[in-house]
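Participant: Listed here are the chains, written in short residue letters.
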Amino acid sequence: MDVGQRLTDQNFPESPEKATLEGKNKFLGFWLFLGGETVLFATLFGTYLGLRNSFGKGPEASEIFQLPIVFIATMILLTSSLTSVYAVLALKENRVKAMRGWFFVTLLLGVAFLGLEIYEFVHYVHEGHTFTSGAFGSAFYTLVGFHGGHVLFGVLWIAALLVRNSGRGLTLYNSPKYYLFALYWHFVDVVWVFIFTVVYLMGKVG
Amino acid sequence: MSNAHAANKSVLWDWLTTVDHKKIGILYLISGGFFFLVGGLEALLIRIQLMGPEMTFLTGDLYNQVLTMHGTTMIFLAAMPIIFAFMNAVVPLQIGARDVAFPFLNSLGFWLFFFGGVLLNLSWFLGGAPDAGWTAYAPLSTQSSGHGVDFYVLGLQISGAGTLMGGINFLVTIINMRAPGMTFMRMPLFTWTAFVTSGLILFAFPALTIGFFLLMFDRIFEANFFDANMGGNAIIWEHIFWIFGHPEVYILILPAFGIISEVVATFAKKRLFGYSAMVFATVLIGFLGFMVWAHHMFTVGLGPVANSIFAVATMAIAIPTGVKIFNWIFTMWGGRNRFTTANLFSVGFIPTFVMGGVTGVMLAAAPADYQYHDSYFVVAHFHYVIVGGLILGLFSGLYYWYPRMFGVMLNETLGKWNFWTFFIGFHLTFFPQHFLGLMGMPRRYFTYPEEFQLGSLNFISTIGAIGMTVGTIIFVINIIVTHAKGEKVSGDPWDGRTLEWAMPNPTPHYNFLQTPLVRGLDALWIEKMAGNKGMTPAEPIGDIHMPNNSILPFVMSLGFFIAGLGFIYINTAGLPALIAVIGGIGIGLVCMFLRSWIDDHGYHIHKEDLLKENKGVDA
Amino acid sequence: MASHEETKSVHHHTSLQKKIKLKQERRQHNVSFVMMILLTIVAFAAIASDAVSNQVAILFILVLAAVQVFFQLYVWMHLGHKGHEFPMWGIASGLLIAVITVGTLMGLIW
Amino acid sequence: MLGLMGCGNPQLSALQPQGKGASALFDLMILSLAIMVVVLVVVFILFGYVLVKFRERKGDDTIPEQVEGNHMLEVLWTAIPIVLLLVLAVPTVMTTFDLAVSEKSAEESKDASGDKEGPMTINVTAHQYWWEFEYPDQGVITSQELYLPVDERVNVNLSSADVIHSFWIPTISGKMDTNPGDKLENKMWLHPEKVGTFQGACAELCGDSHALMYFKVKVLEKEEFDAWIESMKNTKYDDAPSQVAEGQKIFENNCLSCHAVGDKGGNVGPALTGFADNEKVAGILEHNKDNIKDWINNPQDIKPGNNMPDFNFNEQQLDALADYLLELKTAE
Ligand code: HEA
Ligand code: HEA
Ligand code: CUA
Ligand SMILES: [Cu+2]
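Residue numbers (my numbering), protein chains in the order written: chain P, 1 to 206; chain X, 1 to 619; chain Z, 1 to 110; chain D, 1 to 332.
Some hints here could point you the wrong way.
[Unchecked claim] Simulated pairs of lysine to aspartate or glutamate, EDC-like, Cα-Cα distance not exceeding 20 Å:
hint, chain 1, residue 1, chain 2, residue 2
1, X, K269, D, E65
2, X, K528, D, D238
3, D, K183, P, E60
4, Z, K21, P, E14
5, D, K280, X, E450
6, Z, K23, P, D9
7, Z, K82, P, E93
8, P, K204, Z, E85
9, P, K57, X, E222
10, X, K269, D, E68
11, D, K218, X, E451
12, Z, K23, P, E14
13, Z, K18, P, E14
14, X, K528, D, D60
15, P, K177, X, D599
16, X, K607, P, D2
17, X, K269, D, D61
18, Z, K21, P, E60
19, D, K58, X, E412
[Stated by the list, open to error] In silico negatives: residues of chain X with every beta carbon more than 10 Å from chain P:
hint, residue
20, N121
21, E222
22, M230
23, F339
It should be emphasised that the hints constitute simulated quantities derived from the structure, not laboratory data.
Every residue gets a Cβ at the ideal spot worked out from N, C-alpha and C, and that includes glycine.
Excised from the complex, chain P in its bound form:
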């Protein structure tokens, strides 16, 4: 069967994302990539934890962190993880519309998260907590910013996928792409779980 051919309910495989060798390769390669990303973020977290009390000329963490915003952001991201799970479930049943819909919701939630984060950063900068105000500031913006960058990349990625495949059904060629995005998105959420725990909550109690 041609990998570019639209899948029907009749020939729909158990796991369309892993049905071809290319799909299997992508699937495994992406997981391994996430293993590497774990080390990448660990290095950022380690650096942050090493510097989290070195405020330099900036204000202290407990003075500035805004837990309500962070809480909302967390809820948004968790929900977006759920919607991408729904999308993958739909993918596995060849329900293209539903899948695209859920991914679209995921995208919107991602954008909302980014909006909140930008709002939050602007607020902090006004309080004197900047990238250059001390080692803590540098470490904070680098860690949280790297995560934000990942969210942004995810948003662009899924947007591109949705646009490119609009009007096209699932194929053995594009299923792995959707699936990989969902994995990525979960991973970004995992990182966030640690950010709100280690950065914000622990920062609040010093």
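We have chain P; now place chains X, Z and D with the ligands onto it with these hints.
Facilitator: The following block gives chains X, Z and D with the ligands in isolation, referenced to the frame of chain P:
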């Protein structure tokens, strides 16, 4: 044939767009080889300056630049790419695969490495090279004036990204694309080492990536990670660098171990002694490699508890490494050892590497390292393991696989001259350095006074370096002579044991006409002993799926190269630099987008064409 | 695992089984979502209220974070499913090195 | 192996220990070397035998037996190295703790010397490219030359004013890094056992003149050391003898902002109190008038990248300055 459209494009275009792992291997080899000459030239300059006391050939900052570029070039731009050259050229063949898992990514990885290397070396012409040592310890590196260290950070960041892709590619290739019957415990040892090395790359390079970002932010965007006055902490960089750095040295040496294992067994006409122990030792070395980095930091002040733990952990690595050494010796034991040039290099490797290894264990005795650290004793240690280990291993691999990669065989007479001059020159250069270190000569010194009596040993060392230069030049001549003659050899000139020798010369671009069926370790040897002409196929002849060539990797890497240049000058060149950054990243993103936008299903070579090409093969 | 050939069709009874399996999965996903929301609320509450001492609270929320990660990896990313042996290795190794790295950067820089 | 002893310059070589730390390290080095020699001998003999015995001979085209392995052997070459490494690991760990500065070790050395205050402390601060030594309890600061009493343990606190350097006196003890920032201060101890002058060096790449960051270590009898401390304490900044008054004038105008003399002056550059008694100028040049003059006008040529600017004095001013500097002795 549906790739006919490619045929009428120029040769250059073909090389720029190729996604064939065999060609990418050659690209890696040529660029890595070139950078080896550059790094070697830098080494020569170092040795000339240190030839006698109080020389003024290269002083102060200039010396530091040469030193930094020597270390950096050799490790990142010479050794790593040559290793990747072999991994590309050999691993898919050894496991009976038609290709690597991600041909496009493979090409992208190469071009990123290449442009990163070019960017780094551009610094010579743009105001001075990095000068803070290959380890770039902060805050020296953050305070270093000029743009040298910016080139270091961005050049290596870009080439490092390429390396990471390569690592993932080979992991997936080895896991997913083995031929039927090629179980893990039947894989040739070189493939095993490539596998473990790729794993180390996957987990070590991300730490370095972040390290480079932090350094870049401190230098370019006034962050304060390493600035003590603003609460920063310089030790963080040291940890991050060595969390990457120590695994890196095993990334380098493991493939060399793999090469030695192949070569020694082939020329002894024996199977590798203790194969399972060798595999286990490889994995164990890889694992322990992550637990010992602080042995580079014994004098940093981590305290006696940490020092003791890391000292003992480091010593433990001697055990699996010893297993390898003895297994090689016992592979030769009882064999019919033929000392071709390839085997000479392998055989020369064994005692030399052991000498470097045991000085490593001496260094691992933490308090004794208070004396050795940052002295020429360390320089002697790591050149013994790197030049005496890795480089001899790579030479061995080159002489061994040259017929597979290029279809011609390097000249054996010149090869032997190459070996002996290089080998003797090597010992002459680095053996005296042990004593220099013990006599109190610190490393990274551009000069030393007469009164310290360090002159004569340094002089011997420099003479040795000239010996290595002669060896290298003979090697270059050998290549020229060989290709000028251009005598083709058969596909299996060494009476090989593994799958890469199971196909005709030159290697068809789809590798195996039919995927082979693997029936045990040393798959080809088994068939030969069973009296078969070649491998037993695992499938009938059929259409072969191939990936399309693409120029995107080249353009994308060029984009990041431009962005890198922009970042380097963002604080001094203003608008043009900003344009370069945005433009460069833009180019990169557009390429990524195009890659995702344009459906690329590859093409098929049809059965009929295959049959026409391979007359006489029964389907 | 499914190779190129096997993908051609899925018989009808298997697709029914699959439906049921997916339905179960959906329930699992919903449960884990609710759990994660609850865990998050508890974590924020533990910090916001003064009921628990800071040390205990930090330990507590770290445990909660670990549980959430488990949910994400195992339930949502199917890490425990068949065919995920190598991904498992990848993530486990990554986590091991992550732990070492974080521990070092916290503990060995004075 | 013992041939190694006595190698190199006796002021510098780690192979000629003159202090407790260096001796302990030397013993460990010799032990490890002995183990390594055993390993090397075994490997070389096996290897040599194989090379000679199992060469391919002309006309022989038998296929060797394809041996898989040998459990006995494999256990052997796993177990023996483990034993050898244990022999090395135990003294390694012990020496590591012996060399560390801890409450306990301070206590012990206090008892041993019968000295109630415990060991003397010296604060070492590394600068690009010179060394500052402060004796905080005595209120004395000097540069480039470290004075130590013989047969006595002193604790050293190490830090840096700029980048990372490493403090190394091979004959007396191993090296230790000097890190920037109070937080990263390091501690070590020195215990010289012989009177004499020894060489110290910087062992961490710290910039253009890393290779020129030497310092001298003067180990004195206890009484002489005390006398030196006393005279340093009593040296005040005062009017120089009339024949060098001109030099002092120039110095005040140009140099005092960076260099301290007695109780006056800045600390951007090394304190020059007692400079006249030094063995070297700037740690590297022979101490004579010509070199002092040379240094003042060309510090950047002599130590590239250091923090003292090139001056442009005429010959006469230089003479005056040098004469003045040569009068900077410690008080009697
Ligand atoms: C290919 C690269 C490579 C390899 C393989 C090694 C291998 C080893 N290295 Fe080396 N090392 C470097 C490259 C490498 N190193 C580099 C580049 C540096 C300097 C970086 C810089 O600062 O710029 C360095 C520095 C370095 C240091 C820090 C020194 C310092 O700066 O103060 C230490 C300390 O422990 C060390 C230890 C070891 C050990 C124990 C091994 C072991 O793996 C060796 C094991 C092998 C054997 C021991 C031989 C065979 C074994 C037997 C025959 C069995 C019996 C043996 C015994 C019982 C001992 N190395
Ligand atoms: C793969 C790694 C590798 C390799 C192969 C080498 C190879 C060599 N290295 Fe080096 N070296 C390092 C990695 C390596 N090195 C590192 C990491 C450092 C530490 C850097 C630091 O402190 O930051 C270092 C440091 C280092 C020093 C210490 C300097 C100091 O501390 O002050 C010295 C001194 O002798 C030295 C010498 C040599 C020599 C003589 C060779 C020889 O083997 C080289 C042999 C090759 C040749 C001689 C090439 C021949 C050249 C030509 C034929 C001409 C070329 C022509 C054209 C370009 C057209 N190296
Ligand atoms: Cu100070 Cu090197
Ligand atoms: Cu190491």
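Participant: Among the hints numbered above, which are violated by the structure, and what are their numbers in rising order?
Facilitator: 2, 8, 18, 21 and 22
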